[in-house]
Amino acid sequence: MNESALLALFAALCYGIAPVFEKIGLQQAAPLAAVFVRAAITTLLTGVLLITRSEVQPLVGWGSKTWLAIIASGVVGVLLAQVFYFAALRGGDVGSVAPIAGSYPLFACLLAAILLGEKLTPGRVFGTVLVFLGILLLS
206 MNESALLALF
216 AALCYGIAPV
226 FEKIGLQQAA
236 PLAAVFVRAA
246 ITTLLTGVLL
256 ITRSEVQPLV
266 GWGSKTWLAI
276 IASGVVGVLL
286 AQVFYFAALR
296 GGDVGSVAPI
306 AGSYPLFACL
316 LAAILLGEKL
326 TPGRVFGTVL
336 VFLGILLLS
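Mind the numbering: the sequence shown is residues 206 to 344 in the numbering used here, read in order.
Note that these hints are calculated values from the structure, not bench results.
In this text, a Cβ means the ideal position worked out from N, Cα and C, and glycines have one as well.
There could be a bad hint or two in this list.
What the hints assert, rightly or not - Across the chosen pairs, the derived CB separations fall in these ranges:
hint : residue 1 : residue 2 : range
1    : 326       : 253       : 37 to 43 Å
2    : 286       : 321       : 18 to 24 Å
3    : 245       : 343       : 30 to 36 Å
4    : 332       : 245       : 34 to 40 Å
5    : 223       : 315       : 21 to 27 Å
6    : 289       : 213       : 22 to 28 Å
Whole structure, please, built from the sequences with the hints as guidance.
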C-alpha cells in the first residue's frame, strides 16, 4: 500500500470515529453552535501545527486563484457541509446519516471529470456505482 492510500485510510478511520462523538455532542448542542466550536478548536490546533511545522511562509506566495479555491473549499466543504451534516446527524442515526454524507465521492468524481478534465475510467465508474448502491442499502 502506498503512502497516499495509507493516509487516506487513516483519514477514513478518523471520519468514521468522528460521527460518534458528534452525535453525542449534538444531544445538547445546536448544529450551528457545534460547527462553530468545532471550527474554532480545529482552527486553533491547525494554527499551532502550521507554526510548529514551519509551513507559514508558503502562504505568502499564494496567488489569488489559490486563495479563492481554498476559501471556496472552506465555505462549501467545511461550513455548509458541516451545518447540513450536523443537522442531519442530530435528527438521524449515525448508521444512516454518515454513509449518505460520505457519498461525496460520487459528486467529486463527476465534478472532477467536468471541471478538471479528469478521466472517468471504467474502474472509477464501477466504484462510484458501488458506492451509490451501498448508500441505497444502508439508508
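field: Range hint 34 to 40 Å (beta carbons of residue 332 and residue 245) holds or violated
entry: Given range 34 to 40 Å: holds, Cβ gap about 36 Å.
field: C-beta pair residue 245, residue 343: status relative to the range 30 to 36 Å that was hinted
entry: 32 Å, holds
message: The hint says 18 to 24 Å between residue 286 and residue 321; measuring C-beta to C-beta, is that right?
response: At roughly 19 Å between Cβ atoms, residue 321 and residue 286 fall inside 18 to 24 Å, so the hint holds.
message: Given the hint of 37 to 43 Å, is the C-beta distance from residue 326 to residue 253 inside that range or not?
response: The hinted range 37 to 43 Å holds for residue 326 and residue 253, with Cβ atoms some 40 Å apart.
- prompt: Cβ-Cβ distance between residue 289 and residue 213: within 22 to 28 Å?
  reply: 23 Å, holds
- prompt: Taking the CB of residue 223 and the CB of residue 315, does the distance hold inside 21 to 27 Å?
  reply: With a Cβ separation near 25 Å, residue 223 and residue 315 satisfy 21 to 27 Å, so the hint holds.
The structure fails none of the hints (numbered hints given earlier).
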